[in-house]
Amino acid sequence: MEETSTSTRWRFIGGALYFTLQGAGIITWWLAMFAFPSIQKHFQAYPVTKNVQPSALYPDLILLAGGSWLCALLLWRAPRHVWSQRAAWSMVGAFAYPAIHATSTMWRAGGKGWAATMLMLTFVQGSFLAAWTIRLDGPLFQVAPQRSTSMHILRTLIQTAVFWCMALVLVPWLVTSAEHHLGVPHFTTPMQRWLPWLLFALVGALNIHTGITMSRWGKGTPLPLETARDLVVRGLYRYVRNPMAVTGLFLGLMIGWWLGSWGTLLAVVMGGIFWNVFVRPIEEKDLLERFGEPYRQYTQKIGCWLPTFPPHPPLPHTNNSQDTTTD
738 MEETSTSTRW RFIGGALYFT LQGAGIITWW LAMFAFPSIQ KHFQAYPVTK NVQPSALYPD
798 LILLAGGSWL CALLLWRAPR HVWSQRAAWS MVGAFAYPAI HATSTMWRAG GKGWAATMLM
858 LTFVQGSFLA AWTIRLDGPL FQVAPQRSTS MHILRTLIQT AVFWCMALVL VPWLVTSAEH
918 HLGVPHFTTP MQRWLPWLLF ALVGALNIHT GITMSRWGKG TPLPLETARD LVVRGLYRYV
978 RNPMAVTGLF LGLMIGWWLG SWGTLLAVVM GGIFWNVFVR PIEEKDLLER FGEPYRQYTQ
1038 KIGCWLPTFP PHPPLPHTNN SQDTTTD
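Convert by adding 737 to the 1-based position in the sequence shown; the result is the number in this note's numbering.
Hints are computed from structural coordinates only; laboratory data are not their basis. This one's a predicted model, so the numbers in the text were calculated from it and none came from an experiment. All C-beta atoms in this analysis are idealised placements derived from N, C-alpha and C, irrespective of residue type, glycine included. Mixed in with the good hints, there may be bad ones.
Derived DEER-like restraints, expressed as beta-carbon distance ranges [stated by the list, open to error]: (1) 1008 to 942: 18 to 24 Å; (2) 887 to 936: 27 to 33 Å; (3) 823 to 1018: 28 to 34 Å; (4) 1033 to 798: 22 to 28 Å; (5) 747 to 929: 44 to 50 Å; (6) 751 to 945: 32 to 38 Å; (7) 1037 to 817: 37 to 43 Å; (8) 919 to 761: 48 to 54 Å.
Build the full structure now, drawing on both the sequences and the hints.
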């Protein structure tokens, strides 16, 4: 592998490892389809003939499995070459088409073919994360450019809407479809029809307000590609270090409760564990590097998951986020 910084080198190694495993996963999937015909019904939205499988097998092996391994080879041999970067992003597009096709087909078929949809969405998201982490045009977290406060808020609201659609609509739909076709029973509790929605509305308002607070005082958005320019210790940030994650996970739990879906609740818990183990350390390292001692003191006083009392004094002390865009 070419000489490069330690952190960047590990990003390239991680990307190469992911694409290697992804290619192996595609092949393993097809081997399982032929070895265990009984599982095919979970991957098919409609009955298919035996001639249809080979027509999907060869493109999957050549484009998806072969393409993933080619990306892994390029990232190992020449990670800084422009074609290595392009190959990684091309895999995002290569998996995006079957993911969209599988999702739309599953919708028309009333939830059938859920396994194929889950698999393709997992691969397209994994490819995107891998391509994002190995890019050469900057760190993993990029500070938002100067814009007006209203533009930061607008972009935050759009990002929040996309996240809600993906995490609070698409994921529960996929999980409950899988539970239905696998015969997994749902649970029931008192007040299940209305209390989750009441709590969802209250905490959802806090989630949106927290995003607006980030945009107003931090001059950025919750998205890592447009992260805040200033350290924000306002609103809920005075009580808990990442209220966006806490409230977002709570909303997912409310959806799972309302649906009576054990799988949705499990998905929310796994999402929280993933964020805490993989995302949180990277995010906090970036914040410590950019904000230094004030952020270190903040982390020592305020917890990440549970509210802390008394709250931290507000930061920044003044709001200079009225800068107009230079676009």
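Against the structure, the hints:
Distance hint for residue 1008 and residue 942: a CB-CB separation of about 21 Å, consistent with the stated range 18 to 24 Å. For the hinted restraint 27 to 33 Å between residue 887 and residue 936, the CB-CB distance of approximately 30 Å keeps it satisfied. The hinted window of 28 to 34 Å between residue 823 and residue 1018 holds, with their beta carbons roughly 29 Å apart. Evaluation of the 22 to 28 Å hint for residue 1033 and residue 798 yields a failure: the beta carbon distance comes to about 50 Å.
For the hinted restraint 44 to 50 Å between residue 747 and residue 929, the CB-CB distance of approximately 46 Å keeps it satisfied. For residue 751 and residue 945, the hinted distance range of 32 to 38 Å is satisfied, since their beta carbons lie about 33 Å from each other. Between residue 1037 and residue 817 the CB atoms are about 38 Å apart, so this pair conforms to the stated range of 37 to 43 Å. Hint check: residue 919 to residue 761, Cβ distance near 25 Å, so the stated range 48 to 54 Å is violated.
The structure fails to meet hints 4, 8 from the earlier list, while all remaining hints are met.
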